[in-house]
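There are 2 protein chains.
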Amino acid sequence: MMVQFSGRIMDVPKSFIREILKVAINPEIISFAGGLPNKDLFPVSEIQQAADIQFEEYGRDILQYSSTEGYLPLREYIAARYKEKKNLEVPTDNILITSGSQQALDLLGKVFIDKGDKIIIEEPGYLGAIQAFSIYEPKFSTVPLNERGLDNKCLNDILDKSNPKLIYLVPNFQNPSGISSSEDNRKETANLISERDLYLIEDDPYGELRYVGKNIKSFKKYLPKKTILLGSFSKVVAPSFRIGWIVAPDDVMDKLIIAKQASDLHTNFIGQRIIYQFLISNNLDEHVEKIKNKYNKQREKMLSAIEQYLPSGVSSTKPEGGMFLWLTLPEKLNAKVLFEKALNKKVAFVPGDPFYIGKRDLNTLRLNFSCVNEDKIEEGIKRLGTAIEESLDLRRRGKYVER
Amino acid sequence: MMVQFSGRIMDVPKSFIREILKVAINPEIISFAGGLPNKDLFPVSEIQQAADIQFEEYGRDILQYSSTEGYLPLREYIAARYKEKKNLEVPTDNILITSGSQQALDLLGKVFIDKGDKIIIEEPGYLGAIQAFSIYEPKFSTVPLNERGLDNKCLNDILDKSNPKLIYLVPNFQNPSGISSSEDNRKETANLISERDLYLIEDDPYGELRYVGKNIKSFKKYLPKKTILLGSFSKVVAPSFRIGWIVAPDDVMDKLIIAKQASDLHTNFIGQRIIYQFLISNNLDEHVEKIKNKYNKQREKMLSAIEQYLPSGVSSTKPEGGMFLWLTLPEKLNAKVLFEKALNKKVAFVPGDPFYIGKRDLNTLRLNFSCVNEDKIEEGIKRLGTAIEESLDLRRRGKYVER
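Order-wise, the sequence lines are chains A and B. So the first sequence is numbered by this note's numbering: it starts at 1 and just counts up by one. So the second sequence is numbered by this note's numbering: it starts at 404 and just counts up by one.
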């Protein structure tokens with residue numbers, strides 16, 4: 001049978017991370033490869049109660065088809081929380097509930113990207129965004145991240161040279177790097193964008209998970225008409241509901257609603273109702289505090305283990321929140337080669353390659369600290385240190401094979 | 404701000420049905436416009452129990468991220484039901500859980516359709532499919548439906564002239580027409596396709612809802628390697644979970660999984676677990692019997708009311724199952740004009756236009772009989788009859804304005 005697949009799907013690589021996660025299921029392996037919240041923190045009984053209340057009180061209404069925009073009281077809750085936490089005025093009409101943040105990326109691809117359109121992402125960049133946007137066949141330009149945030153000089157050059165439609169950023173505790181842009185860095189970025197015709201997509205799944213330092217303003221404060229905000233309950237409640245949202249200007253919202261309807265009619269309604277009931281019956285702030293306490297301990301444990309067990313020449317980001325940090329190995333150490341060696345020592349991570357556009361065999365890697373409990377982190381980093389030492393030793397003896 | 408939207412999204416019309424449903428919310432209006440299952444039949448307490456069991460027994464596991472393919476035991480259940488009900492061998496690996504059947508259409512568009520590719524749909528055709536595929540900018544060819552099914556002579560001409568990648572069919576109780584293809588008609592269609600390189604998408608959300616006549620073989624029996632089957636729990640359990648599935652050959656499945664991951668990572672897992680528990684704790688056949696009994700009564704009521712109250716010159720399909728029937732008005736009566744008149748008489752339906760490609764101001768319309776209870780059907784059809792009579796009367800007096 002010779003039916004050709006579409007051009008777009010031939011261009012999207014099979015997820016390397018997916019393959020890694022399959023390998024890392026072995027319980028003997030300490031896996032820093034995942035991107036999952038820690039399931040010990042899921043508020044199981046509270047969510048069960050929320051489901052019971054919804055079934056008891058609203059019976060069959062919660063089982064029917066629902067509106068494309070999403071459950072109105074849930075959208076009102078989100079609007080109120082933006083007001084309370086960030087002093088952002090977000091009209092409920094400008095909030096669309098999506099099937100996780102991943103769908104938000106797909107919908108934005110649908111409504112904006114024609115084949116060959118230019119879009120800007122960070123380097124390293126969020127893999128889910130690279131995959132979602134790739135489906136619509138854009139030309140990616142990448143702007144390197146440093147510890148302060150975006151390399152705005154490079155951004156300026158790209159803006160001068162091309163005419164991008166979108167810039168996609170994860171300003172808080174970015175996946176994969178853990179980097180947050182400083183306030184000054186955001187101002188600079190906003191200044192560069194303010195006079196130009198493009199939208200800034202601010203993806204903020206981790207924003208509530210800050211452990212040190214102080215919160216920094218959303219780009220929506222600097223670029224209120226040009227910022228499209230993405231949010232999610234996956235990291236602060238539970239991911240299995242697949243409930244996220246987009247905040248967008250009126251004209252974009254009109255198009256997003258058309259795209260959403262064509263994509264899945266509406267986000268699963270039963271999940272929206274259960275999450276909503278959980279949110280109004282419980283104190284989300286208290287729950288977020290619990291998550292922050294635990295993740296911060298794990299973050300500190302990982303940072304100190306890195307200090308203690310990884311050889312000099314390995315550098316690490318120092319995330320102020322979120323779930324990830326980013327290692328840079330000594331030059332010419334290929335993180336994919338290291339991955340195989342580390343797996344033999346029963347520790348896993350994600351090599352940096354899939355987070356780049358058109359670069360391979362890099363010396364960077366991502367470590368997740370949210371879903372490995374404190375007592376295993378030290379042992380895992382120790383194993384990783386041994387694997388790196390052995391690679392360095394092979395290199396010193398001229399026996400290191402790069403790929 | 405002058406950021407251009409994508410070409411694809413400019414081409415997808417805002418759903419007329421969505422606008423109609425907003426109008427039809429007024430409780431004084433008897434609405435045959437919806438496409439909803441009857442909520443009186445939702446097994447609320449059984450689903451609540453299923454949710455409780457899952458929370459009690461599996462706690463935090465059901466709240467975590469899950470696999471892109473979907474929950475394995477649910478896929479096994481679906482495979483077993485195909486075997487039991489249709490004697491179809493469907494390997495579990497060839498089943499992908501989707502966020503409703505609507506997402507199945509989006510994913511198939513993603514993996515197959517490049518701009519300008521040719522695809523075939525029925526006329527009238529399912530609006531959700533027209534919307535989903537339109538996003539990927541194909542060229543549609545349409546094959547008229549008659550009471551036996553597809554006009555295979557027309558299909559043959561199209562296959563000879565063009566080189567379509569896909570043909571999309573709803574062989575059982577089609578939405579919008581209610582028509583089912585006869586066994587002979589399916590054999591003819593399958594013969595025309597068997598020697599050619601294209602996939603047949605068999606969308607079957609209503610297949611279990613047959614009230615009269617006997618079940619007819621799936622196209623997968625005739626074209627096992629060329630049929631992509633779509634199914635859904637929306638009509639036999641409840642739609643708010645947004646859980647459907649695709650059955651596809653190995654190579655297509657590989658691409659669908661990539662597209663699914665880019666689209667929303669995976670279908671909401673909590674819903675998959677609750678539906679699965681419902682299915683193993685209850686007898687789906689008994690539940691489907693209840694639905695069939697009720698819908699069949701409503702169908703009979705509607706058919707007899709049509710006979711009694713609609714003027715001669717109006718013809719109706721006689722569906723053997725499903726949720727819809729299709730009226731053809733006397734020539735030159737525009738169903739959109741009738742819609743306004745009917746609304747004044749407090750009855751609503753969906754004018755035929757959105758179910759066609761490139762044809763407008765047609766004299767056809769869709770009536771739904773699943774979500775209007777028996778006692779209101781007669782009154783609704785009576786009101787519709789009056790509206791049609793008045794239009795005919797205006798026409799006789801030369802005062803009918805077509806649009």
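Take these hints with a grain of salt, some might be off.
[As the list claims (entries may be wrong)] Between beta-carbon pairs, the in silico distance windows are:
| id | chain 1 | residue 1 | chain 2 | residue 2 | range |
| --- | --- | --- | --- | --- | --- |
| 1 | B | M405 | A | K359 | 29 to 35 Å |
| 2 | B | N549 | A | Q4 | 46 to 52 Å |
| 3 | B | E487 | A | K294 | 44 to 50 Å |
| 4 | A | G7 | B | N559 | 27 to 33 Å |
| 5 | A | R396 | B | D496 | 53 to 59 Å |
| 6 | B | E459 | A | K294 | 23 to 29 Å |
| 7 | B | E692 | A | E46 | 20 to 26 Å |
| 8 | A | N215 | B | D654 | 45 to 51 Å |
| 9 | B | E743 | A | I53 | 49 to 55 Å |
| 10 | B | S718 | A | D254 | 44 to 50 Å |
| 11 | B | S718 | A | E46 | 41 to 47 Å |
[Said to hold, decoys possible] One side only, chain A facing chain B, incomplete, derived with CB under 10 Å:
| id | residue |
| --- | --- |
| 12 | R18 |
| 13 | I20 |
| 14 | Q48 |
| 15 | E56 |
| 16 | G59 |
| 17 | D117 |
| 18 | L198 |
| 19 | G213 |
| 20 | N215 |
| 21 | K217 |
| 22 | I243 |
| 23 | A259 |
| 24 | I274 |
| 25 | L303 |
[To be verified] Some residues of chain B that are not near chain A, with every Cβ distance over 12 Å (derived):
| id | residue |
| --- | --- |
| 26 | R411 |
| 27 | D464 |
| 28 | A483 |
| 29 | K488 |
| 30 | Q534 |
| 31 | K556 |
| 32 | E591 |
| 33 | D600 |
| 34 | I673 |
| 35 | L687 |
| 36 | N699 |
| 37 | E723 |
| 38 | K762 |
| 39 | L765 |
| 40 | E777 |
The set of hints was computed from the structure by calculation and includes no laboratory data. Cβ coordinates follow ideal geometry from the N, Cα and C atoms, glycine included.
These are the hints, each one checked on the structure:
Taking 29 to 35 Å as the suggested C-beta distance range, the pair M405(B) and K359(A) conforms, at roughly 33 Å. Between N549(B) and Q4(A), the C-beta spacing of about 32 Å breaks the proposed range 46 to 52 Å. A hinted range of 44 to 50 Å for the beta carbons of E487(B) and K294(A) is consistent with their spacing of about 47 Å. Taking the beta carbon of each, G7(A) and N559(B) are about 29 Å apart, inside 27 to 33 Å as hinted.
Checked against the hint of 53 to 59 Å, the C-beta distance between R396(A) and D496(B) comes to roughly 47 Å, which is inconsistent with it. One distance hint, 23 to 29 Å for the beta-carbon pair E459(B) and K294(A), holds here, with the actual separation near 24 Å. For E692(B) paired with E46(A), a C-beta distance near 37 Å fails the hint of 20 to 26 Å. As the Cβ distance of N215(A) to D654(B) is approximately 48 Å, the hint placing it in 45 to 51 Å holds.
At roughly 42 Å, the beta carbons of E743(B) and I53(A) sit outside the given window of 49 to 55 Å. At roughly 38 Å, the beta carbons of S718(B) and D254(A) sit outside the given window of 44 to 50 Å. With their beta carbons about 56 Å apart, S718(B) and E46(A) fall outside the hinted range of 41 to 47 Å. Interface hint at R18(A): satisfied, since its Cβ lies 7 Å from the closest Cβ of chain B, which is below the 10 Å cut-off.
Against a cut-off of 10 Å between C-beta atoms, the interface hint on I20(A) is violated, since the closest Cβ of chain B lies about 14 Å away. Restraint check, Q48(A) versus chain B: the minimum CB separation of about 4 Å is within 10 Å; hint holds. Interface restraint check for E56(A): the shortest CB-CB distance to chain B comes to about 8 Å, inside 10 Å, so the restraint holds. Because the beta carbon of G59(A) sits about 5 Å from the nearest beta carbon in chain B, less than 10 Å, this interface hint is met.
The beta carbon of D117(A) is positioned within 10 Å of a beta carbon in chain B (closest approach about 8 Å), and the interface hint is therefore held. Hint on L198(A) holds. Least Cβ distance to chain B is approximately 6 Å, under the 10 Å limit. Look at G213(A): its Cβ only gets to about 28 Å from chain B, farther than 10 Å, so that hint breaks. Of the supplied interface hints, the one on N215(A) is violated, with its beta-carbon coming no nearer than about 26 Å to a beta-carbon of chain B, more than 10 Å.
A cut of 10 Å between beta carbons decides the hint on K217(A): the least distance to chain B is about 21 Å, and the hint is violated. Annotation: interface hint on I243(A) holds; nearest CB of chain B at approximately 8 Å, less than 10 Å. Taking 10 Å as the C-beta cut-off, the interface hint given for A259(A) holds, the closest approach to chain B being about 6 Å. Checking I274(A) against chain B by beta carbon gives a least distance of about 8 Å; that is within 10 Å, so the hint holds.
With 10 Å as the threshold, the beta carbon of L303(A) stays out of range of chain B, its nearest partner Cβ sitting at about 25 Å, so the hint is violated. Consistency note on R411(B): stated as away from chain A, yet its beta-carbon is not over 12 Å from all of that chain's, at 7 Å minimum. Taking the minimum C-beta to C-beta distance to chain A, about 7 Å, the non-interface status of D464(B) is violated against the 12 Å cut. Every Cβ of chain A is farther than 12 Å from the Cβ of A483(B); the closest lies at roughly 24 Å, confirming the non-interface assignment.
Interface exclusion of K488(B) from chain A stands, the closest Cβ pair being 23 Å apart, more than 12 Å. For Q534(B), the condition that its CB be more than 12 Å from all CB atoms of chain A is violated, with the nearest at approximately 4 Å. Every Cβ of chain A is farther than 12 Å from the Cβ of K556(B); the closest lies at roughly 24 Å, confirming the non-interface assignment. Every beta carbon of chain A lies more than 12 Å from that of E591(B), the smallest distance being close to 21 Å; the non-interface claim holds.
Interface exclusion of D600(B) from chain A breaks down, the closest Cβ pair being 5 Å apart, not more than 12 Å. Separation of I673(B) from chain A is inadequate, the least Cβ-Cβ distance of about 5 Å not exceeding the 12 Å criterion. Every CB of chain A lies more than 12 Å from the CB of L687(B), the least distance being 15 Å, so the non-interface label holds. The beta carbon of N699(B) is kept farther than 12 Å from every beta carbon of chain A, the shortest such distance being approximately 21 Å.
With a minimum CB-CB distance of about 24 Å to chain A, E723(B) clears the 12 Å threshold, and the non-interface call stands. Remark: the non-interface label on K762(B) is consistent with the geometry, its nearest Cβ contact in chain A lying 21 Å away (cut-off 12 Å). A cut-off of 12 Å between C-beta atoms confirms that L765(B) is not in contact with chain A; the least separation is 22 Å. No Cβ of chain A approaches the Cβ of E777(B) within 12 Å, the least distance being about 18 Å, so the stated non-interface status holds.
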